[in-house]
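Once you know that position 63 of the sequence shown is 63 in UniProt numbering, the rest is easy, because the numbers rise by one and skip nothing.
The set of hints was computed from the structure by calculation and includes no laboratory data.
Accuracy of the hints is not assured; some may be wrong.
[Claimed, not checked] With a straight-line Cα cutoff of 16 angstroms, these simulated EDC-like cross-link-like pairs (lysine to aspartate or glutamate) come out: (1) K77 to D57; (2) K23 to D42; (3) K78 to D57; (4) K70 to D57.
Predicted model, so just to flag it, every value in this text is computed and none were measured.
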Amino acid sequence: MEGAEEELERRSRFLSSLIQKKKSIEQHEQNERFNIRVRAADMPLPLQNLAFRCARDSLDSMPNKKLDSKRLALALKKLSKDRWVLQSS
1 MEGAEEELER RSRFLSSLIQ KKKSIEQHEQ NERFNIRVRA ADMPLPLQNL
51 AFRCARDSLD SMPNKKLDSK RLALALKKLS KDRWVLQSS
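Starting from the given sequences, assemble the full structure and let the hints guide the process.
In structure tokens:
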């Protein structure tokens with residue numbers, strides 16, 4: 001019985017490592033698409049992608065492509081608030 005438990009644990013670790021590698025590859029591809037480099041993040045990947053998309057759209061809409069951090073922060077705040085309202089409905 002103990003051998004079966006060890007085999008299940010080994011397979012579980014293997015599958016978990018495959019999932020982590022796939023997530024890492026997807027995140028790297030997404031970062032290249034937005035031409036960004038993430039130094040550290042504590043939010044889930046889908047939420048990061050949404051924030052990057054919002055930031056890119058906001059930056060593209062700004063005159064002279066000059067970053068207005070206040071406008072960007074407000075856009076991200078509005079996006080996250082709208083998303084939270086939709087999820088709680």
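Hint check:
no.	hint	verdict
1	K77 to D57	holds, 14 angstroms
2	K23 to D42	holds, 15 angstroms
3	K78 to D57	holds, 14 angstroms
4	K70 to D57	holds, 15 angstroms
Violation of the numbered hints given earlier is absent; every hint is satisfied by the structure.
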